[in-house]
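Student: Sequences listed follow chains U and D, in order. If you count the first sequence from 1, you need to add 28 to reach our numbering. If you count the second sequence from 1, you need to add 423 to reach our numbering.
By construction, these hints were calculated from the structure, which means they are not laboratory data. Check before you lean on any hint, since a few could be wrong.
[Unchecked claim] If you anchor each label on the Cβ, the simulated ranges turn out as follows:
#	chain 1	residue 1	chain 2	residue 2	range
1	D	K676	U	R54	40 to 46 angstroms
2	D	G574	U	Q314	35 to 41 angstroms
3	D	E566	U	R316	38 to 44 angstroms
4	D	S543	U	L254	42 to 48 angstroms
5	D	L575	U	Q309	17 to 23 angstroms
6	D	D495	U	Q314	45 to 51 angstroms
7	D	K548	U	V305	36 to 42 angstroms
[Stated by the list, open to error] Pairs of lysine-lysine, BS3-like flavour, derived with a Cα cap of 27 angstroms:
#	chain 1	residue 1	chain 2	residue 2
8	U	K108	D	K548
9	D	K432	D	K676
10	D	K538	U	K110
11	D	K538	U	K108
12	D	K538	D	K548
13	D	K449	D	K432
14	D	K676	D	K538
15	U	K110	D	K503
16	D	K625	D	K676
Computed from a prediction, not measured in an experiment: that's the story for all the values here. Glycine included, C-beta positions come from ideal geometry on N, C-alpha and C.
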Amino acid sequence: MDLLISSLSLGLLWSIMAIGVYLTFRILDIADMTAEGSFPLGAAITARQIVAGVDPWVATLSGFLAGCLAGLISGFMHTKLKIPALLTGILTLTGLYSVNLLIMGQSNISLLGRVKTVISLLPNMSTSSAAILIGVVVLALVIGLLVVFFNTEVGLAARAVGNNEEMSAANGINADNMKIIIYMISNGLIALAGSLMAQINGYADSSMGIGTIVIALAAIIIAEVLVANLSFGMRLVTIVGGAIIYRLIIALVLQWGVDPNNLRLFYALMLALFLSVPLLQKRIGQRRRRQKNIAEMEADQDD
Amino acid sequence: MTNALELRKLHQFFNQGTVNERHVLKGIDLKLAPGEFVAVIGGNGAGKSTLLNSIAGSLPVDQGQVKIEDEDVTYETVAKRARLIGRVFQDPQMGTAPLLTVEENLSLALLRGQKRNCWSFGVKKKQRQFLQEQLALLNLGLEDRLSAEIGLLSGGQRQAITLLMATLQNPALLLLDEHTAALDPQTSQIVMTLTAQLVAEKQLTTLMITHNMADALKFGNRLIMLDQGQIAIDVAGDEKAQLTVPDLLALFKHKSGQDLTDDRVLLS
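So that you can see chain U by itself, here it is in the shape it has in the complex (with noise of 0.2 angstroms):
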């Protein structure tokens, strides 16, 4: 029962980061690797004010504005100066580790004790519990406010230049401008799922990004493998559960044994598989189609 609750509660979490990363990945067809980068950034930010006594929303909020600053930078550089994507990312990224030793002051922050957080603000109630509550409300305003954005004039262009960049222009539209929207609201809500991590687990520390992008991605795969063909809406609600089943994997291969220092070669390994999911189900429905067809043809030739 406790490994289903601190599953959901953790899934729930990481899942407003995985629909992040889902905005660049799928809208735009880019692996972003700033992600990583603005992970850890959400986190410092919200450590660094709430220990200087700010109050734990405005500085979850900041969190989420440096966020969007990260994607910013790296949207600039991807379409202003036309740097591959995923060296734009890797470029943030190195040079957010930096950053955020500056904003912290110090390699490791830590949230316990008599600090306010946004977990401290909820009374009575057990850490998860409050995660839970936290990660359904936030999760059910972004992805609100996502689907209505998607929506617009603006998303409609931007939805249109991932999908047929040449079209887009011929319409009028600027991709560079939608592109880095783009990046800015993915790299916005990848901080502000690290913002709350750090206030759950109790510490920000520079180093809680590496690996994050193979997380968020495993959800949005899980989602995709597990339910195929849906509308953007009811995509973000089957991340979440993608998330949480992958948390719950996690806390299952962790129960049975696993040392945590491996955890990351099986977080790769996993993602690999899942990923080459789609193309096995197609070779095996290829290879059954034409086994029948074999025995079809064999049976005609007999009569």
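Dock chain D against chain U, hints included.
Tutor: Chain D alone, transformed into the frame defined by chain U:
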């Protein structure tokens, strides 16, 4: 307003300054009066696509000037110029966003040249009836498929919708880039007829590149033949109306001093 389109001393070079340098457009001077429908023909490498891309903005202009409705657009991007230009590409996949619905694609085109904002929906319910009426004009039964993903439609249907998208906002200039070349003969004729109908109805100034000589003679009220980056033939009005394919070939030989030997142009 005097000219819908004006090109002045337009030059284009590929690989300039290298041993592979090619001088593709050699000082094109061209004026299109409002409402003119010009068919552009020419062999491979004559510079047809380069000319169209220079006007659309997808190819930066090296030398010369491009004016649309007397506005200098020489240094404007494709997106900026789009307020004046409707464009249909050769590849039917290129003019629409495959994962968006028919209605979403049309709604995007309705906002061409306008500022897009975050506080109104991209697809507006009150425009639905108008879009359905427009689709009905195509006679392809698409008026009931507003919510279908465009990627699920055939090449001909997509091209017809692209044509509609390009003309919805009455552009100052309509650019057609061999827009029927990738379609089967029957669909190609349907789209061509539709084109003529839309251009006539909205009195659009149109520049149409084609490989099909018969189409070039049948449609439009002016014909231009490009050869080696220059305008070799430019006929309009009655003279154009009376022209036949053999006339055109003879004219080409007379003007350029050589036979027109491009199979693609001759056979179609």
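Student: Looking at the structure, which of the earlier hints fail to hold?
Tutor: 1, 2, 4, 6, 8, 14, 16
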